[in-house]
Amino acid sequence: MAPSPTEKTDAEAVKDYSAAWAAIMRLARAGSSWSGHERHCAFLNCGEVEQGARFANVSAVSGLDFPDDGRALVVTDWDGDGDLDLWARNRNAPRLRMLRNNASTDDPGAQNWIALRLEGRKVNRDAIGARAEVVLADGTRLQETVHAGTGFLSQSSKWLHFGLGSGAPEIRLVRVRWPGGNSETFVGIENKRRHRLSEGAGKALLLPPRSGVADHAASNQEPLPVSGAAQIILPGRIPLPTMTFHPAGASAPVPLREGSRPLLLLIFSGHCGTCRTEMTEFTAEAQTIREAGLEILALSLDSLAPGGDADGAAAKLIQETEFPFLTGSVTAASAGRIRHLLGSLFDYPAPFSVPLSLLLDAKRNIVSIYRGPVALETLVHDLRHGVGGHIDSLRDLAIPFPGRWHTKSITGSELAEFVAKYFHSYDPAERLRYLEIATTSALNSNRAANLRRQVIDGHLAWARDYSSGGKVDQATFHFEKTLQLDPENGPAHNDFGALLANQGKLAEAEIHFRRALVIDPDNALAKRNLKLLTQLRNK
Amino acid sequence: MHPRLKNVSISVIFLIGIGVWILLKVAPRDTASDDKGEGIQGRQSAPHERPDQTNGVDVRMTPIEIPASAPATATDLHERKLDPRADGWDGELLGEAALNQLRRILASDAEGGGAWPLSAGFACTPLRPNQRAEVFRTGTMAIHRGEVPQEMSLRGEATLRAQVKAVGVLPGTRVKIKIVRVAPHTNGFSTRALIELFRVDDRRRTQVSAWWDCEWLQAENDGSESGPLLHRLALASYEETVATSGRAMFEDVTHAVIGDNAGYRDQVLRGMNHWAARLTKIDDLHFFGHHGLAIGDANGDGMEDLYLCDGGGLPNRLYLQNADGTVRDASAESGADWLEESKSALFLDLDNDGDQDLVVATVALLLFMENDGRGKFRVRSGIPDLPDPHSMSAADYDNDGDVDLFVCNYGAKPADAGRSGFEATAPIPFHDANNGGRNVLLKNNGKFRFIDATREAGLETTAGRWSFAAAWEDFDDDGDQDLYVSNDFGRNNLFRNDQLPGGGIRFRDVAGELGVEDMASGMSVAWADYNRDGKMDLYVGNMFSAAGNRITFRRRFTGNRPNTAEQIQRMARGNTLFQGSSDGRFHDVSETAAVTMGRWAWSSLFADLNNDGWQDLVVANGYLTNERTDDL
Numbered sequence: 000m001a002p003s004p005t006e007k008t009d010a011e012a013v014k015d016y017s018a019a020w021a022a023i024m025r026l027a028r029a030g031s032s033w034s035g036h037e038r039h040c041a042f043l044n045c046g047e048v049e050q051g052a053r054f055a056n057v058s059a060v061s062g063l064d065f066p067d068d069g070r071a072l073v074v075t076d077w078d079g080d081g082d083l084d085l086w087a088r089n090r091n092a093p094r095l096r097m098l099r100n101n102a103s104t105d106d107p108g109a110q111n112w113i114a115l116r117l118e119g120r121k122v123n124r125d126a127i128g129a130r131a132e133v134v135l136a137d138g139t140r141l142q143e144t145v146h147a148g149t150g151f152l153s154q155s156s157k158w159l160h161f162g163l164g165s166g167a168p169e170i171r172l173v174r175v176r177w178p179g180g181n182s183e184t185f186v187g188i189e190n191k192r193r194h195r196l197s198e199g200a201g202k203a204l205l206l207p208p209r210s211g212v213a214d215h216a217a218s219n220q221e222p223l224p225v226s227g228a229a230q231i232i233l234p235g236r237i238p239l240p241t242m243t244f245h246p247a248g249a250s251a252p253v254p255l256r257e258g259s260r261p262l263l264l265l266i267f268s269g270h271c272g273t274c275r276t277e278m279t280e281f282t283a284e285a286q287t288i289r290e291a292g293l294e295i296l297a298l299s300l301d302s303l304a305p306g307g308d309a310d311g312a313a314a315k316l317i318q319e320t321e322f323p324f325l326t327g328s329v330t331a332a333s334a335g336r337i338r339h340l341l342g343s344l345f346d347y348p349a350p351f352s353v354p355l356s357l358l359l360d361a362k363r364n365i366v367s368i369y370r371g372p373v374a375l376e377t378l379v380h381d382l383r384h385g386v387g388g389h390i391d392s393l394r395d396l397a398i399p400f401p402g403r404w405h406t407k408s409i410t411g412s413e414l415a416e417f418v419a420k421y422f423h424s425y426d427p428a429e430r431l432r433y434l435e436i437a438t439t440s441a442l443n444s445n446r447a448a449n450l451r452r453q454v455i456d457g458h459l460a461w462a463r464d465y466s467s468g469g470k471v472d473q474a475t476f477h478f479e480k481t482l483q484l485d486p487e488n489g490p491a492h493n494d495f496g497a498l499l500a501n502q503g504k505l506a507e508a509e510i511h512f513r514r515a516l517v518i519d520p521d522n523a524l525a526k527r528n529l530k531l532l533t534q535l536r537n538k
Numbered sequence: 000m001h002p003r004l005k006n007v008s009i010s011v012i013f014l015i016g017i018g019v020w021i022l023l024k025v026a027p028r029d030t031a032s033d034d035k036g037e038g039i040q041g042r043q044s045a046p047h048e049r050p051d052q053t054n055g056v057d058v059r060m061t062p063i064e065i066p067a068s069a070p071a072t073a074t075d076l077h078e079r080k081l082d083p084r085a086d087g088w089d090g091e092l093l094g095e096a097a098l099n100q101l102r103r104i105l106a107s108d109a110e111g112g113g114a115w116p117l118s119a120g121f122a123c124t125p126l127r128p129n130q131r132a133e134v135f136r137t138g139t140m141a142i143h144r145g146e147v148p149q150e151m152s153l154r155g156e157a158t159l160r161a162q163v164k165a166v167g168v169l170p171g172t173r174v175k176i177k178i179v180r181v182a183p184h185t186n187g188f189s190t191r192a193l194i195e196l197f198r199v200d201d202r203r204r205t206q207v208s209a210w211w212d213c214e215w216l217q218a219e220n221d222g223s224e225s226g227p228l229l230h231r232l233a234l235a236s237y238e239e240t241v242a243t244s245g246r247a248m249f250e251d252v253t254h255a256v257i258g259d260n261a262g263y264r265d266q267v268l269r270g271m272n273h274w275a276a277r278l279t280k281i282d283d284l285h286f287f288g289h290h291g292l293a294i295g296d297a298n299g300d301g302m303e304d305l306y307l308c309d310g311g312g313l314p315n316r317l318y319l320q321n322a323d324g325t326v327r328d329a330s331a332e333s334g335a336d337w338l339e340e341s342k343s344a345l346f347l348d349l350d351n352d353g354d355q356d357l358v359v360a361t362v363a364l365l366l367f368m369e370n371d372g373r374g375k376f377r378v379r380s381g382i383p384d385l386p387d388p389h390s391m392s393a394a395d396y397d398n399d400g401d402v403d404l405f406v407c408n409y410g411a412k413p414a415d416a417g418r419s420g421f422e423a424t425a426p427i428p429f430h431d432a433n434n435g436g437r438n439v440l441l442k443n444n445g446k447f448r449f450i451d452a453t454r455e456a457g458l459e460t461t462a463g464r465w466s467f468a469a470a471w472e473d474f475d476d477d478g479d480q481d482l483y484v485s486n487d488f489g490r491n492n493l494f495r496n497d498q499l500p501g502g503g504i505r506f507r508d509v510a511g512e513l514g515v516e517d518m519a520s521g522m523s524v525a526w527a528d529y530n531r532d533g534k535m536d537l538y539v540g541n542m543f544s545a546a547g548n549r550i551t552f553r554r555r556f557t558g559n560r561p562n563t564a565e566q567i568q569r570m571a572r573g574n575t576l577f578q579g580s581s582d583g584r585f586h587d588v589s590e591t592a593a594v595t596m597g598r599w600a601w602s603s604l605f606a607d608l609n610n611d612g613w614q615d616l617v618v619a620n621g622y623l624t625n626e627r628t629d630d631l
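Line order of the protein sequences matches chains Y and F. Numbering that gives the first Met the number 0 applies: residue 0 is where the first sequence begins, and numbers increase by one. Numbering that gives the first Met the number 0 applies: residue 0 is where the second sequence begins, and numbers increase by one.
These aren't lab readings, by the way, just hints derived from the structure by calculation. For glycine and all other residues, C-beta sits at the position ideal for the given N, C-alpha and C. A few of these clues could be false.
[Claimed, not checked] Beta-carbon label-pair distances, calculated as ranges:
#1 HIS47(F) with ALA332(Y): 29 to 39 Å
#2 ARG327(F) with PRO66(Y): 22 to 32 Å
#3 ASP456(Y) with ARG173(F): 54 to 64 Å
#4 GLU183(Y) with LEU499(F): 19 to 29 Å
#5 PRO62(F) with ALA285(Y): 26 to 36 Å
#6 ARG373(F) with ASN181(Y): 28 to 38 Å
#7 PRO246(Y) with PRO62(F): 20 to 30 Å
#8 GLU183(Y) with ARG373(F): 23 to 33 Å
#9 SER152(F) with PRO66(Y): 30 to 40 Å
#10 ARG373(F) with GLY180(Y): 31 to 41 Å
#11 GLU133(F) with GLY180(Y): 35 to 45 Å
[To be verified] Capping the alpha-carbon separation at 20 Å, the derived lysine to any residue pairs in SDA-like fashion look like this:
#12 LYS280(F) with LYS315(Y)
#13 LYS175(F) with THR205(F)
#14 LYS315(Y) with LYS175(F)
#15 LYS407(Y) with PRO386(F)
#16 LYS280(F) with ALA251(Y)
#17 LYS121(Y) with ASP352(F)
#18 LYS280(F) with ALA27(Y)
Looking at chain Y on its own, in the form it has when it is part of the complex:
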């Protein structure tokens, strides 16, 4: 992998190094592990015996060594039994573990402890930053500070918990140094008890012992099995990428157009048994589906396979199931765009597989995505509430549990811009198309102007690209598009002029060079080009 550049300014190196990061993450998103299956660690302080020396690795014997992708970890005597329990938050399932500490029950050496909750009066009420020092009769001094936020994304308890060792420790006093530096001595601390220490009180308030805690049974938390199938309602309507297909029996591809009714776009393979089952079901329910106002277009992917659809499996499937809806086969570019869109929308995308269907509204926006077969009642629900419901309700439908939002739903324009980004390097034409959709659906003029600028820049960049690649027709198309949207674009006039001049269209070229100079009389390139053009004519 590429080494890290040492300066941000080394553009090539930065690009290379960034690509290396992207490559690692792409492999991880394709299912590879990266420092996965690692077990949590516990190190036991061997204290007095080996002061300042080695801790002992007790990860496994302590039972803490779950092989989770751990993240947050917090410490608290949750059940008030006198030892420190842990809550752990994981990336993978189970995402949460409550790890009960059995020390105060099982370990005869772990029976002595005190817990202190400090309370500020002049200083902050939580006493965050206050430090308590416990002084035992044998001279032992233990100290702890009230913290709020340690570890990673974690806040442990604000109770201070002191283990006092084995034997019969005698607690002489607790000295608290409050934030700011004032010290106060507290007496009345009792072993195996919880106390409140209020600033200025001088004496600890003994709290009643906790009672009634159940003896919770330990158990393995078995993660739910992983399924590739899913019925996903999107939080907004996403315009379908450019889609062309060969209708059954037709050799020329046609674009999928807007219609008057919603459409279920079903992508299948003649070799897929689940597809057959689903299409058989759709055949049986054809009337209900049509009455619900839904059309189906089933497109096969088999012609994209190496060797093509030689055995005619897709046609056979349609024939055998007597599938009564529209059918055809999808073009490679269209299938690629759909795969790319699905791969971009999700951070851990499922492998591209069939059956896959997209529920489209009449304008051919994607409302929901079904990986695997979709039940009729789900379709009917999504038609009514997703396709037919108010746009703002989509985000609520998209989530599995209720909750509270403080942000608004994404607008159609924002969504189109969001999708446009993902086509940036994959399919620049598609990116421009989404940006155009974003521009026309923008709700405020600043935003529209901004997007329009991106569209113009996109066309121009593309025109230049085609131009330098010798693709004259495409370059001309995009120069024209650029100038149509932005007639005052001097550099575009100049570059278009150059393209025309190189084709020998000198008169047309001259118009563009002159236009560029009207817009910017100091345009050095246009000046030079005009001069070259005159020389060329004089030859």
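Please arrange chain F on chain Y, whose structure you already have, making use of the hints.
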């Protein structure tokens, strides 16, 4: 989602509109006026019943390959280079070969199982020292260590088999091997391996942690199936821990404690990979799972409660503790069931009225919520546009009687990036990156008004350090709170709180002069006095990478990087324990204390686990466990 796409609700825009929230700007200002946060209560999502939401695993789907049309991008090329065979890192192949051979030797159930890959002249030291001493004992555990034998006195396969058995490799033993060094030489190579064994017999739980140094002879005809032959095996370190309590010290009681609640099944028993294949990036659902926990007494009943952050589209949960130690889900009625991606939260008494208020770092807003004393929260103010908030840590840094807040912003969020963190911008340079997000110090001005005091306090230098976590502590015992900041790609900061002569506070980064820069992949930080000398010590969570260790100590790596090799080696060493001393300086005692191997560590904390009065260490770790068994 990138900030321009994110519509903060109208009420917040109003809040900004009145011109009081000018964050990330120069001078700190008094910001929100009273009670203007009323409107940010949020909107409860519309409930819905959708059929057929669950899918059995028995649904068979047919994967389809669509031929690629676009030419290979830079990313594609790197993906190929990640295979060490293509990248020229043959040492990685040697490490893999050694690992496979050690696995054969340590396969606990391979009684018989063919001849072991040993050279004709194979010799080793005893693998379990004959002289072992109990170095520490608790009520239930005994730790033994042994003199490491120097002499290669043992020969032959039968002897090795007996040794392997003696060290505890028997049917049922769990064996973990990590190769951390590989050095090729003329007719072979050497490796260092960490060997971890664990077994349970009746009521005894036994754990062995050992370092093995191996010499390997490369087989004559390279590419033969047999692989390298073990020629010398020397025990370099040995520790054996036996626990006799019958059950483990820690047991997972999650199901008993929260299993009856609605969120348990899907929000606990499903991982982020499940959700990241179903909830979109439009609502910021990412698969990294950086979602935090906060403990506090939310409803004032004297028992601790738990707040869980979750990904975009999944509600944060407030679990209130019942008298029997189980919990009940109070998310909806608490008003804190935010659906926006939330990284972390803190329970804090922000207004000193005796209850626990709540700060939640969501992707769109940092929310300050006031507690009514009974666990119902109301938004009082919010701070928009923080680039990438991660861990937060609170303390009263100016000793004015209320708690202030430090927020780590990991990545910078370029305006045009749809992604956040290191995928939007690669950390540069890797061992000392400075192009991350800008951390923020928020000063509490009372009544839930917070102002950005970062620059005023001299903390502006934290800008761009890819900070994951921070923690306050008065390490110099002068009565004010100092701040340690742990940064993912490079040196950390220790900000000493200095009172200016004319009043005011200026933090000064003293990490370099006090020896706590810790050039590594900082993920977390915790403070405690682990050696009971009265001075606070530091434990910093870092990344331990076996592959990173193997590669960065190879001559091919160090040779090309005379200046940075050591720094990059340090990046993969693991956790760091800094011992505070009375002269103010800290000493890195990680290796002698044997606490570096926290693996790919995240939260790494002090806690006296067994009440013996000495602070132990616990480390949550692991990065990405996915379906495939190979590891990148």
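Here is how each hint holds up against the structure:
{"no.": "1", "hint": "HIS47(F) with ALA332(Y): 29 to 39 Å", "result": "holds, 36 Å"}
{"no.": "2", "hint": "ARG327(F) with PRO66(Y): 22 to 32 Å", "result": "holds, 30 Å"}
{"no.": "3", "hint": "ASP456(Y) with ARG173(F): 54 to 64 Å", "result": "holds, 59 Å"}
{"no.": "4", "hint": "GLU183(Y) with LEU499(F): 19 to 29 Å", "result": "holds, 28 Å"}
{"no.": "5", "hint": "PRO62(F) with ALA285(Y): 26 to 36 Å", "result": "holds, 29 Å"}
{"no.": "6", "hint": "ARG373(F) with ASN181(Y): 28 to 38 Å", "result": "holds, 33 Å"}
{"no.": "7", "hint": "PRO246(Y) with PRO62(F): 20 to 30 Å", "result": "holds, 26 Å"}
{"no.": "8", "hint": "GLU183(Y) with ARG373(F): 23 to 33 Å", "result": "holds, 31 Å"}
{"no.": "9", "hint": "SER152(F) with PRO66(Y): 30 to 40 Å", "result": "holds, 37 Å"}
{"no.": "10", "hint": "ARG373(F) with GLY180(Y): 31 to 41 Å", "result": "holds, 35 Å"}
{"no.": "11", "hint": "GLU133(F) with GLY180(Y): 35 to 45 Å", "result": "holds, 43 Å"}
{"no.": "12", "hint": "LYS280(F) with LYS315(Y)", "result": "violated, 39 Å"}
{"no.": "13", "hint": "LYS175(F) with THR205(F)", "result": "holds, 14 Å"}
{"no.": "14", "hint": "LYS315(Y) with LYS175(F)", "result": "violated, 53 Å"}
{"no.": "15", "hint": "LYS407(Y) with PRO386(F)", "result": "holds, 19 Å"}
{"no.": "16", "hint": "LYS280(F) with ALA251(Y)", "result": "violated, 36 Å"}
{"no.": "17", "hint": "LYS121(Y) with ASP352(F)", "result": "holds, 12 Å"}
{"no.": "18", "hint": "LYS280(F) with ALA27(Y)", "result": "holds, 17 Å"}
Consistency note: the structure conflicts with the earlier hints numbered 12, 14, 16.
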